[in-house]
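Asks: Dock chain S against chain F, hints included.
Each protein sequence line maps, in turn, to chains F and S.
With our numbering, letter number 273 in the first sequence gets 273, and the count goes up by one each step, no holes.
If you want our numbering, it's the 1-based position in the second sequence plus 1000.
I should point out that these hints are in silico values taken from the structure, not numbers from a laboratory.
Don't be surprised by glycine CBs; every beta carbon is placed ideally from N, CA and C.
There could be a bad hint or two in this list.
Pair by pair, the computed Cβ-Cβ distance ranges are [to be verified]:
#1 F/218 to S/1063: 39 to 45 Å
#2 F/40 to S/1202: 54 to 60 Å
#3 S/1264 to F/63: 44 to 50 Å
#4 F/51 to S/1264: 31 to 37 Å
#5 S/1166 to F/143: 26 to 32 Å
Number of protein chains: 2
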Amino acid sequence: MALDYLKLNDSNSIRIPAEDLHEQVAAILQGVGTPAEHAEITARILVSSSLRGVETHGVGNAVRYSRSIESGEYTVPQTTEVISETDTTALLSCGNGLGFVAAHQGMEMSIEKAKKFGLGMATIRDGHHIGMVGYYPMMAVEQDMIGMAMTNASPAVRPALGARPRVGTNPIAFGAPAGEERDFILDMATSTVASGKIGLAKRLGVRMPVGWAVSAEGEPIIDPPEDRGEDWAMNPLGNTREQGAHKGYGLGLVVDILCGVLSGGGFGTQLSGGENMTWTMAIDIARFR
Amino acid sequence: MALDYLKLNDSNSIRIPAEDLHEQVAAILQGVGTPAEHAEITARILVSSSLRGVETHGVGNAVRYSRSIESGEYTVPQTTEVISETDTTALLSCGNGLGFVAAHQGMEMSIEKAKKFGLGMATIRDGHHIGMVGYYPMMAVEQDMIGMAMTNASPAVRPALGARPRVGTNPIAFGAPAGEERDFILDMATSTVASGKIGLAKRLGVRMPVGWAVSAEGEPIIDPPEDRGEDWAMNPLGNTREQGAHKGYGLGLVVDILCGVLSGGGFGTQLSGGENMTWTMAIDIARFR
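Next up, chain F with everything else stripped away, as it sits in the complex (with noise of 0.2 Å):
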């Protein structure tokens, strides 16, 4: 539910079809390495972010990771490991790669889990960005499924009661068929608005609302900042005390916990920026009937 002043437009952006842009997307990532499978999985999810209008998470960062894999950051090509599995459920490895290779394949798991003993449910460790984290449920949606994702990340959100950055944003995804109506769609930051609000803000030169961000010593501050740093935090989802800021710091933590402890993978500040580790779950809804 991006604000109006930060959508992009016809005046702040250009149109090109959605095949073009998959195309052109898929031979970057190639460009530099990326296997041509990996490529179109991380070209499809990136596309279909544009297509829903979450421009935060679009085409527009394939550059940053094919810089990303030039400069030895990611790991290209990537393997992802299956490191143990049961029944309803497995802990992956990303390899240090395309986090979107490796949160596509625990969300397959976990519907092919679903499918034979009711849940599936994965946690993915040696992960980085996965996207829009909406799309993980979505797959699960396709497949008359309930899914589930969430992602961990690099300090950016200031606990409830601190004022520097120690959580991730830590987003949360949800998906339900509805039906003859449209599917439910739920992908949400913790915090009070997804970082790349932000960067979206200082891009198109508008300045942020009160409660979206503080300084190291917990003022609020309005002119979008350059970079991460302990000089300034985003908010945690609630703002405040008495609006409810511990609920979204809890939910941030439960987010680590998920993606970042029970994977092994680090949660906060064991967390350097571009790491992300990943769980994803998905509920057979015949078995509830």
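Replies: Here is chain S on its own, set in the frame of chain F:
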């Protein structure tokens, strides 16, 4: 995380040993026909809430449950029923009786299934109030598992861009063991505050902060209202559009889907006051090693 001016203290409450309180609460419930086993479960959860300082969900509620039993709103003695069950899933009926009884059974079944198959989940229809929702994840944590529970309720909260109550306060609870540290327990309404906080403000004669509730015209109100109705609504967590009200609202709908839609027990405006459907899950941590 109760605000200080909403905390009970020695000047506005009396101290009673927990064991005496448990016996008294169980006796009150048995006095109106509750079977001993069901009274024991309910008393244990209510006393646990009071001991944790969650006054809004503590022993003070025993009297209203008793009235609901006496008036016939609750069917007591109740017959809980396993409507359908698979290795990992269960659909239960609370038999229109004390919500505690079926929620406790749902989490016990979730834990048993998780022990055998890694994951366990139950959704419960025909139910009533389950008290402090955080109690149920704590049952899983005692077994070295991650636990989750949610419960929905009749409308009290406005949708993100609305002003009338259409969603319950629909709380989410999550628990994880933490080794030598204290267990991690999150228990939060998806509204800015739990409705009990507004009741407590009323009882203590204090005003609410701006941001907790609005009039039917969407204007902030600060005097705690007497009863539920169309003339006021609680705010979803996030409060305003710019501060993420759609996130609190969206989380409330997730709770409605897992508790009310998955169980078939009803959600949102389908529920009358006092009706609550419940969802529980347990995750065997050991499967992810």
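Asks: Look at each hint and say if it fits the structure.
Replies: Hints versus structure:
For residue 218 of chain F and residue 1063 of chain S, the Cβ-Cβ distance of about 43 Å falls inside the hinted range of 39 to 45 Å, so the restraint holds. At roughly 58 Å, the beta-carbon separation of residue 40 of chain F and residue 1202 of chain S lies within the given 54 to 60 Å, and the hint holds. Restraint check, residue 1264 of chain S to residue 63 of chain F: a C-beta distance of roughly 48 Å satisfies the suggested window 44 to 50 Å. Residue 51 of chain F and residue 1264 of chain S have their C-beta atoms about 34 Å apart, which keeps the hinted 31 to 37 Å range intact.
A hinted range of 26 to 32 Å for the beta carbons of residue 1166 of chain S and residue 143 of chain F is consistent with their spacing of about 30 Å.
The structure is consistent with each of the numbered hints, conforming to all of them.
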